[in-house]
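Q: Respectively, the protein sequence lines represent chains A and B.
Numbers in the numbering used here are just positions in the first sequence, counted from 1, shifted up by 755.
Numbers in the numbering used here are just positions in the second sequence, counted from 1, shifted up by 203.
Keep in mind that the hints were calculated from the coordinates and are not lab data.
Below 30 Å or equal to it, Euclidean Cα-Cα: the simulated DSS-like pairs (lysine-lysine) are:
#, chain 1, residue 1, chain 2, residue 2
1, B, Lys374, A, Lys972
2, A, Lys972, B, Lys322
3, A, Lys1065, B, Lys294
4, B, Lys322, A, Lys999
5, B, Lys300, B, Lys374
6, A, Lys972, B, Lys300
7, B, Lys294, A, Lys972
8, A, Lys870, A, Lys847
9, B, Lys322, A, Lys1065
Calculated from the model, a selection of chain B residues having no Cβ within reach of chain A, i.e. all distances over 12 Å:
#, residue
10, His210
11, Gly212
12, Asp223
13, Ser260
14, Arg440
Note that beta-carbon positions come from the ideal geometry of N, C-alpha and C, so glycine has one too.
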Amino acid sequence: MPSKQTPVVEPVETPISTGSITGQPESRKVHAALTRSSTGTEDLRQLEAGLDSLQSDAVRKSRIDWSRILLPVAALAVLLIVWQVYVSLGIKRRDLVPGPLDVLGQLGTLWGEGKTQEAVWTSLQRGVVGFLISVAIATPVGLLLAQVAPLRRAFGPLISGLQVLPSVAWVPAAIIWFGLTDGTVYFVVFMGAIPSIINGLISGVDQIPPQYRSVGKVLGASRLQLALQIILPAALPGYLGGLKQGWAFSWRSLMAAEIIAVGGSIGFGLGSLLDQGRVLSDMTTVMAAILLILAVGILIELLVFAPIEKRLLRRRGLLAGSTR
Amino acid sequence: MPVVLEHLGKRFGDGAPVLDDVNATIGQGEFVALLGASGCGKSTLLNIMAGLEAPTSGALEVPSDGAAFMFQDAALFPWLTARENIELALKLRGVSKDGRRIKADELLELVHLGGAGDKRPHELSGGMRQRVALARSLAQDRQLLLMDEPFAALDAITRDLLHDELERIWKETGRTIVFVTHNVREAVRLGQRVLLLSSRPGRVVQEWNVSEEHRTDAGLAGQLTGIITARLREEIRRHAQ
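All chains, full assembly: derive it from the sequences and hints.
A: So, in structure tokens, the structure goes:
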């Protein structure tokens, strides 16, 4: 019962040894949470500063964690050794299952012919350009769909459906429409990446705490300001997830398109290299092309997306306790 | 009179009314504590005053430029630093870039966070976050400041300090404050006037004036707290089946 609560009585400048507590009400100061507890602005400032430092965590210095680099390298080394040992046992014919050393040798040969560089450059260039155009198209569309309920209800299921549809399915249509040109390749990349990025952005927007919108409204943001200055940055973690997936879809679609559509004015990409290996029944070239496609994917993830994501999460205080 | 509520009512859909016939006037520069148990529609009333929701009946008069609002959780944007959070409020108000920087620093200094402007919300303690949120709501530069249980989630030590802090800032800035709480002592500690809302439907059933003596004399404050608590409990008991 608050009414029964006795105020805290704090003797001021009265040593305990003086004994008598009764009969000296004027020498006491009555304190309680009910009344002012600080004695002035300066006192308040000091109290707050003290509490702030007690309640804030000390800044921890981060240093390079070698296990982040050594563990993946060790894992890769183990896989290569297992592969080499398996091949050395001679269970399968060497031309059907080449070992890592054979593939490495073939890679060296291809490099000498300039084919590796050409294929990686052609594919990477197309992948990046296709992806960037996809981002430029998907971002405004996604934001619009996420913010305008009737549009979302109308087109949401279609966009989700397009994400499930393998973009390879578009290759025959693209070849009929655009012939064996770069147009075919880009079209397939767009059909793979755009729905994926749109979906990522929409799910990012869906996960925004409703409070942020209220704050935005109270602060007097217009619809456009709300979308660009509050919704978009708030949805950034989900959006980035969509971008990552969008890149993966771009890259996969690109490879599919390059494998199927060969010739014409389509240049020589990694998919073309892979297809060439198949035509020549050269398993080392096939394996080399697969490893190159994988390596580009891993490098883009490690060098582009991982640092951006890490920075984003750390700035928002979302990294603590994760296994990254 | 910045705020006049006349026969205000609110119901959601076909449900029972949340607010019914709420009448109150709040004067310029006044600090009013709006007290009530759960389900009395305190937050709904505040949302109506802020223009986030529309009343279903009655009339209300609020300043034409709207109201500043402070939420129970600080609701700072995690991708911005403390200063940038305040600057965003200024930006949405149309303050120029140079002006924003100066004003944000002033406001940080006002809530005694001069050194924490570059920190991000997750690096701040709960009390510091609420002070940044207070600075942000002051950045809106509205005469009327609505506060929805802003200190409810804080520990007792921090809350007591923030009571002192809010009182100081209220006196310095001369804002009209409507402070929603379910804590009787907090209402008596802060309000010049305490309005008690009944529950289901919410309606102003009684009000008390809190004098300056109540701020310095714990005995007197305790007495008033007791009276208000008794009345609040009577209101809660009414709902026992």
